[in-house]
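Put the two chains together into one complex, using the hints given.
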Amino acid sequence: MIVWPVYRLTLRALLLQRRTILLGLLAAAPVLMALVYAVAAKAGAHHFRFYSHLVQELFVPTIAAVVALVIGVSAIGDEREDGTIYYLVATPQSRLGLIATKIAAAWTATLVLLVPSLVISALLALEGEVDPSSILWPAAGVALATLAYCGVAAWLSLRTRRPIVIGVLYVLLWEGSIATFAASASKLSIAAYGRALVAERLPEAAAPVVGPAPAVVILAAVAAITCWLGARALARVEL
Amino acid sequence: MSDAPAIEFAGVSRWYGDTVAVADVSFAVGPGVTGLLGHNGAGKSTTLKLCAGFTSPSAGAVRIFGVEPRRNPAVYERVGVVPDQSPPWPFLTAQEVVELCARLHRVADPAAAADRALETVGLDDVAGRKVGGFSHGMRQRVKLAQALAHDPDLLLLDEPLNGLDPAQRREIIAVLHRLGDEGRTVIVSSHVLHEVERMAPQVLVLVSGHLVAEGQTSAIRQLISERPRTVRVAAGGDGRALAGALVDGGVVDAVRFDDGTMEFETGDVERFSRALPALARTTDTLVRRVEPVGDDLESVYAYLHERARGAGR
Chain G
865 MIVWPVYRLT LRALLLQRRT ILLGLLAAAP VLMALVYAVA AKAGAHHFRF YSHLVQELFV
925 PTIAAVVALV IGVSAIGDER EDGTIYYLVA TPQSRLGLIA TKIAAAWTAT LVLLVPSLVI
985 SALLALEGEV DPSSILWPAA GVALATLAYC GVAAWLSLRT RRPIVIGVLY VLLWEGSIAT
1045 FAASASKLSI AAYGRALVAE RLPEAAAPVV GPAPAVVILA AVAAITCWLG ARALARVEL
Chain A
38 MSDAPAIEFA GVSRWYGDTV AVADVSFAVG PGVTGLLGHN GAGKSTTLKL CAGFTSPSAG
98 AVRIFGVEPR RNPAVYERVG VVPDQSPPWP FLTAQEVVEL CARLHRVADP AAAADRALET
158 VGLDDVAGRK VGGFSHGMRQ RVKLAQALAH DPDLLLLDEP LNGLDPAQRR EIIAVLHRLG
218 DEGRTVIVSS HVLHEVERMA PQVLVLVSGH LVAEGQTSAI RQLISERPRT VRVAAGGDGR
278 ALAGALVDGG VVDAVRFDDG TMEFETGDVE RFSRALPALA RTTDTLVRRV EPVGDDLESV
338 YAYLHERARG AGR
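For the protein sequence lines, the chains are G and A, in the order given. Each number in my numbering comes from the position in the first sequence (counting from 1) with 864 added on. Each number in my numbering comes from the position in the second sequence (counting from 1) with 37 added on.
Isolated chain A, as found in the complex (with noise of 0.2 Å):
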């Protein structure tokens, strides 16, 4: 049981009726922190509800520390788990709360353990305080506390940062860094890729239910902004001289002309930022206007949907 990895899905996939959440996922997470990165919708809170053992999966198998931790609850004594969206019983203190959880964990001194894991959150000076009076960001952090108080090998974060003002965001951050520096398994979700980069060395990108890419998340980030980018440009003139230079120059791959203005799509977006003012120097094109298409987080998860895909994912 203690070689086996943290967290083992083989080809899980969950399915409400008709909509799939998740979709023939694979992968495995050992020691350290690991970010759960997709778009709202994309299975997140779905695969880490199948990691808590909150629902089984409609096919493949969901393995902590080598067991199925629906069929067996003793494997919690090793879990801490935050849901998202579900603060704890308003009517308990944060105190309560946390020595209720390290309790049921079977914790030999709940009340110390409490203490320490209310200091670690920050909320001892608050911890005699009704739950139910607390802001979203105090909540969060009782549910931080209360999955640490029995000391858990893994944790597992639904959105653990919303809510958070940013001194708190960085003290959580600090928090999860030094639990995944212990050697203990962190996974964290979030839809946001800078937050992520913040909290985890490694990523798992889901779209639409499928996993499309793994690994560090600096080479994540970098194929990110190496990715074919469409860049909207208006001249004065019908501007054909730049974009003929702009192509001889071997700066875009394509141009389309639309109503007044380019639409060019580089390989090599900083290239193409250094090479337009000097081209529209040299063919004495007046530049207007330039903007990125297509440069949200959709779009972002939208080609590594499509990279996967056509790597026969």
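Isolated chain G, as found in the complex (with noise of 0.2 Å):
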């Protein structure tokens, strides 16, 4: 499925790119928090409690979002823009093989931002109580979450010319208003099951919308079905 070239190619892109640093600068802001409060903590301080609220307010449905977003829109907008798309159309290669190697180079390219970023802050903000569960949860929440997120983003950038624009209005207008205060729209919030399976191991954040094995297999659903609607949308879409 994966076509290899294609995803080294798409990697080395999204990693060169000068936008790629400013994505950095956005996923290193967990670890500037967690180094204030490390400084500024107070003996007897809820470490796990701070931790707890930077991943699951701060981590999952903005900084893993907005980068998974940017880099999932980048690994087709950009080639669609610059015209090297055509190059990758006019040969024989599934059209779902390219999407779906698309979306894991987009996927590895944000988790290269976004783990060493989630495993610092964790270091900092719980200082000598770090156990491998406390990032181990918190990095699969993230992981499955920025793969459903780079599946809508390679979706979106073959439906639309303004993919990150609507990517954006989803993570701040639906999942970070509505969905917070209505129950049922978190059900349409991919960041609400990144969370539920963060929560696994940090509990005293927000009721979870599911437990974690929903959540793993909504998760994949959506990275799946946006996988096989792009490869649909590369078939028919003006290129």
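These are computed hints drawn from the structure, not numbers from a lab. Note that this is a predicted model, so its numbers are computed, not measured. Hints should not be assumed to be uniformly reliable.
As the list claims (entries may be wrong) - Computed, partial: chain G to chain A, Cβ under 8 Å:
| id | residue |
| --- | --- |
| 1 | D946 |
| 2 | A1095 |
| 3 | A1097 |
As the list claims (entries may be wrong) - FRET-style restraints, in silico, Cβ to Cβ:
| id | chain 1 | residue 1 | chain 2 | residue 2 | range |
| --- | --- | --- | --- | --- | --- |
| 4 | G | L960 | A | A256 | 43 to 49 Å |
| 5 | G | L886 | A | G170 | 39 to 45 Å |
| 6 | A | S50 | G | L896 | 41 to 47 Å |
| 7 | A | G200 | G | R876 | 24 to 30 Å |
As the list claims (entries may be wrong) - A short list of chain G residues far from chain A (calculated; beta carbon distances all over 10 Å):
| id | residue |
| --- | --- |
| 8 | V870 |
| 9 | L873 |
| 10 | A877 |
| 11 | F914 |
| 12 | G947 |
| 13 | V953 |
| 14 | P980 |
| 15 | W1001 |
The C-beta atom is built at its ideal place from N, Cα and C for all residues, glycine as well.
Have a look at this one:
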């Protein structure tokens, strides 16, 4: 399914962009906050509560979402913009394979920026209380949520000329506003399912929308469906 | 599949909102080099995008080797595409670009195929340099090399001579001729008639999205050269004696007097150019200036369009 030459090409293109440096700075914001907390925290402060808020209210719904959306859009949108997508489409590779490869490369680039930030934030905020599960469950939430965001971004970049605007509106308006006070709206929030995985280890944040197993299934399904829709769009839209 | 024409358009139209880019075009193209001629905005690039499967027809059907390319990506094993205005990835070397494309076309030995293709377009000595540092002409040749690397049966080239110097043009034209002689189908677009004449023995002429002429390039050239022309003549005096002689001799079909000049319409411009000096002498008329009117390529296309409409196309 993965077309490895296209995967390597896309990953290289994504990591060489100037935009990636800016996204790296955005991804590093939680590290800065954890550092400030570590320096300023008083004795007896509840480290887990801070870390939980940091991951559930900033990292997953904003930082990870924006980084994944921008990189996911770049993986296809930039090639549509400069015309290099013609060289990939005019080949006998399956459209599903090409889109799956683009999503995989965007996901990899996203994790390259986010995982170090998550780990360093945990080490700084939790001080001596770090255990593997306090990193692994948030990492699983971030990984699966960003996979779904990358899928949505790839599909949007083929369906609209303004994928980033639409993606950011979804993150900020729907997930960041409407879904926070309307319980039914959070069922259509990728971040909510990502947080459901994080909540398995950091339970002090808001009650999860579903348990961890359904969250995994739903996020994987979002990625798979948007990949299929993207492949369908690649075979139909004007390039 | 092998008996089907390399490219077949059946009643193809492509529109964008209210703008019609290609209007009810039908043709079939087989082996050899075929030029796609038309002015800017005539629909050449849209036609090539339809051939390449980069867009779908709004009406009608496009088939490559008997199948719709957008539904059958496997057909691209036999197709090479040189898009216009789309340089390859600037951070890759020429060798990497061509090798990547060969690999994606499932060539058995992509490195060797890339070497051969780069040698064909004369870039073997700079194969290790990044495409981002190349001149426009060199990028054009990288684009051609990536399209040749998998030895395609059908080659689609959108304005491939853009940005090339005369020597490079000659080399690329020689490559296209060789490919055509080998029995491959090559479609090459251009808005320059003499360029198409040098590249392609067959031509399709598009005007405002309509296919207005198709056939031997030499026959189209003949058609163009025989079209009615308008010639403006500035003569001493009122020139009526000269105009009368030209009309009486059947050299011109009509004459119009306009502010000291005369505009003659003629169906045989060569005969007109021979007769004019002789009749000027016999009518004792001083001819100050002779100039063609509407002899630019746009006028040629407009004539072909009018002619096609008159023929009920």
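Here is how each hint holds up against the structure:
With 8 Å as the threshold, the beta carbon of G/D946 comes within range of chain A, its nearest partner Cβ sitting at about 7 Å, so the hint holds. Restraint check, G/A1095 versus chain A: the minimum CB separation of about 11 Å is more than 8 Å; hint violated. Restraint check, G/A1097 versus chain A: the minimum CB separation of about 11 Å is more than 8 Å; hint violated. Here the CB-CB span from G/L960 to A/A256 is close to 47 Å, well matched to the stated 43 to 49 Å.
Take G/L886 and A/G170: their Cβ atoms lie about 26 Å apart, and the range 39 to 45 Å is violated. For the pair A/S50 and G/L896, the supplied restraint of 41 to 47 Å is violated, since their beta-carbon distance comes to about 57 Å. In this structure the supplied range 24 to 30 Å holds for A/G200 paired with G/R876, their Cβ-Cβ distance being about 27 Å. Its beta-carbon lying about 7 Å from the closest one in chain A, G/V870 breaks the requirement of being farther than 10 Å from that chain.
Once the 10 Å rule is applied to beta carbons, G/L873 is inconsistent with being away from chain A; the minimum gap is 7 Å. For G/A877, the condition that its CB be more than 10 Å from all CB atoms of chain A is violated, with the nearest at approximately 7 Å. No Cβ of chain A approaches the Cβ of G/F914 within 10 Å, the least distance being about 41 Å, so the stated non-interface status holds. A cut-off of 10 Å between C-beta atoms contradicts the statement that G/G947 is not in contact with chain A; the least separation is 3 Å.
At roughly 7 Å, the least C-beta separation between G/V953 and chain A is not larger than 10 Å, which violates its mark as non-interface. In this structure G/P980 is separated from chain A by more than 10 Å, as the shortest Cβ-Cβ distance comes to about 24 Å. For G/W1001, the requirement that its beta carbon stay farther than 10 Å from each beta carbon of chain A is met, with the minimum near 37 Å.
Of the numbered hints given earlier, the model fails hints 2, 3, 5, 6, 8, 9, 10, 12 and 13; all others are met.
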